[in-house]
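Which chain is which? The protein sequence lines are H, S and B, in order. Residue numbers for the first sequence follow our numbering, so the first one is 1 and each next one is one higher. Residue numbers for the second sequence follow our numbering, so the first one is 1 and each next one is one higher. Residue numbers for the third sequence follow our numbering, so the first one is 1 and each next one is one higher.
Everything labelled a hint here was simulated from the structure, so no lab data went into it. All values derive from a computational prediction rather than experimental measurement. Glycine included, every Cβ here is placed at the ideal spot set by N, Cα and C. The reader is advised that the hints may include incorrect statements.
What the simulated footprint calls covered on chain H by chain B, stretch by stretch (three residues with Cβ under 8 Å from a Cβ of chain B suffice, anywhere in the stretch; the number is not a length) [stated by the list, open to error]: (1) 177 to 187; (2) 258 to 267; (3) 271 to 282.
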Amino acid sequence: MKGYLALSVLLIFLMTGCAHSPRQSSSVLPSAQSAPQILLASTSGEIPVKASGKSADAINDEYKDEENIDYADDKFKEEKVEIADPLEPVNRVMHLFNDKLYLWALKPAAQGYKAVTPEVLRISARNFFSNLRFPSRFLSCLLQSDFSGAATEAGRFTINTVWGIGGLMDPASGKALDLQMQDTDLGQTLGVWGVGQGFYIVWPVYGPSSPRDSIDIAGDNLLYPVSYINPWYAWLGVWGYEKINATSLRIGDYEALKDAAIDPYVAFRDAYIQYRLKRVKARKAKVASSMPSVEESGSANPVLPAKGN
Amino acid sequence: MKRKLLTKIFPLIALAAFFLCAMDRTAAASGLFGPLQTISKQDGGLNTAIGYWYHEDTFKNGAERVIRQNQIYSQAAYGASGIWEAYARIGISDLKIFDVFSSTDASTTTNKNDFEENWKFFGTLGAKAFYPINKIIGVGAFVQGTYYFSNFTDDIVGTTGGTPFTTDLKVQNLWDVNCGAGIQITIPRGVKLYAGPYVYYSEAKMSLASNIPGLEYAAGNVSFHNKTIAGGFAGADIPLIKGFHLNLEGQYSDRFSAGAAISFTY
Amino acid sequence: MKLMIKQFAVLSILIIFASSVPVYAGVPMTTAETAVRKVLDVLKDPKLKNPSAKEIKKEKLRVIYEDMFDEIEFSKRTLVRNWNKFTPAQRTEFVKLFEQVLEKAYIDKILDYSNEKVNFYKENMISDNQAEIQSKIVTSSKEIPIFYRMILKDGKWKVYDVVVENVSLVQNYRTQFNDILSKDTPEQLLETLRKKVSKQ
């Protein structure tokens, strides 16, 4: 594995961008049905691999059989997260459809647009749309009792709308004001409330989702002013522009993840699930830390397992 | 070195600004001029503002009319080195023209005397240059122009010779150009005080939809413009917290106008 | 009164010390950061600007990442229990092919590097021999969090997992290999990898 990986920096992996909708949500609570798929074997407290291979020809030793290879007691084991996929055959077709939609339509359009539009303008356009999504973030913060987050969002919206040229600029996140965008949505809110992902769905155009995150897509659209543009073709134009603009800022990410994958469908499913799960955990940790009355569960580090969800 | 160059350039800019204005007979003031020195950071940067301006002036074309406006605008500016800045504004404004519907003919009566119309869009462009003499005092000059994208219209109902009539008055192509120069003093806490003279020209076309005896601006475009061509301005720019500034300013030509803006420096 | 002030002072000092602990960069963080800086140096090297120097760059990068990553640990963790289903020869081949797949997929992205900033800001010691190093790449349009998970083996910290925007590569491949190996044999998986590597 490589330094390449290291640098995969550039690699933004995430489904965001691409043919896959940026915001969905979801976290999978390690639900009962998924557990068996992941944990290949139950293990109770073995010593992980690292104990092996300390001899002179450690390199050769490393290729030996491993007794305790489930890493079950590894500190990062909570990542063993799976999601039920009863619709897999349909989902695979949708995945393929989205893949072609990206490669044949969205990407060429975004490349052409990128070639003629300086990056500053594209970032401004992204800021503008992001500012319009304020209602959904604000409501999500409130519903999670994250009042400081809600206040931050309200402050950002006011400052960026008034002094950020209608939201084209983002002065609020600058050093002086330091009001950062609250990375939350309605799907995460449901997750924080304890609603699980359910099963995996790939929507055409919107991409990876689940029943829970589909509620997010619907709710987010209701709270998004762009959805109310009339007539429909004007809405479609704005919506399409937003997609092309967002894609132009992440061309290549989707391709890198896809090229590196052995089974891209499974790779995207897993990436989506991991991504949503950790975002929900991060929100839970934030809410817990801002409410002293609640017993702190687990660690504030979203990466570490939170107990009892 | 840099300073020498500035000394040479500055009078040129100032001169150019005055010529530009002088060539266009005269003008109406519109909006704050702002501090003479840009508030953008030294190595170049944006600053934005939201402002309110209460405007009064006297226009004439034969008769003199007082106009009054309330303007709200948003501004984006780019400036650098503390010596120059270019800015653009977009805003909305109402318009009231006093006594424009007063009839001079006894057989004509109207339901009101004043023309009133609500929010219409306008755009403003401006540029300023500043020359710091020392850390405290400096001189600067600016040019600023405004144009109203849409027409103001007001309906009028009345009777003339016993016959009822309905017509409307349109105010089209309202625009202005201002140029000025002044002195700026920076007092402790970064507060900038500035004042100076300016000249301006402002004009609009008025047309009444139909000829009514006793009413002015009978059908056809009549242009009218500001009565006084020069005035003075004074203001203060006060740094608040976290990159925000409060700008207060007053202008006096034939009437007094004033306003305030809150700006943010990136 | 005086005593209270003294206590207060001591307490403040303690707090300052306590709060400064996370800033401390230990060996794992230094190791990861040094490796990444070396990569950036190669990418920025003006002598290698020429497109013809691409192969030299690749070779230099290979040396750095081989020192930085523990590919065997990575492979084992992605295969988990399936590791034992492979013969030793298959294991060796797997590790090599896997490395090539990743290199092929990411090398162009990495060579595209253009002045993004990399900040290493946090080290979490998970246990005596495991650590997570948090870094982010800051570009003009976005910030990408990248976490390196490291393990101490024979006195040397090596990276065995990279978490990009919350997605763990190990976990991602583990899911894929589980899925594939529940249907196919190790040989079939190797064949898939071989094809992927040879395909241009």
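Cross-check of the supplied hints:
Note: the segment 177 to 187 of chain H has 0 residues with beta-carbon separation from chain B under 8 Å; the three-residue rule is not met and the coverage is violated. Here the segment 258 to 267 of chain H counts 7 residues with a CB under 8 Å from a CB of chain B, which clears the bar of 3, and the coverage holds. Three residues within the 8 Å Cβ limit are the bar, and the segment 271 to 282 of chain H against chain B gives 5, so the coverage statement holds.
When held up to the earlier numbered hints, the structure conflicts with hint 1 and nothing else.
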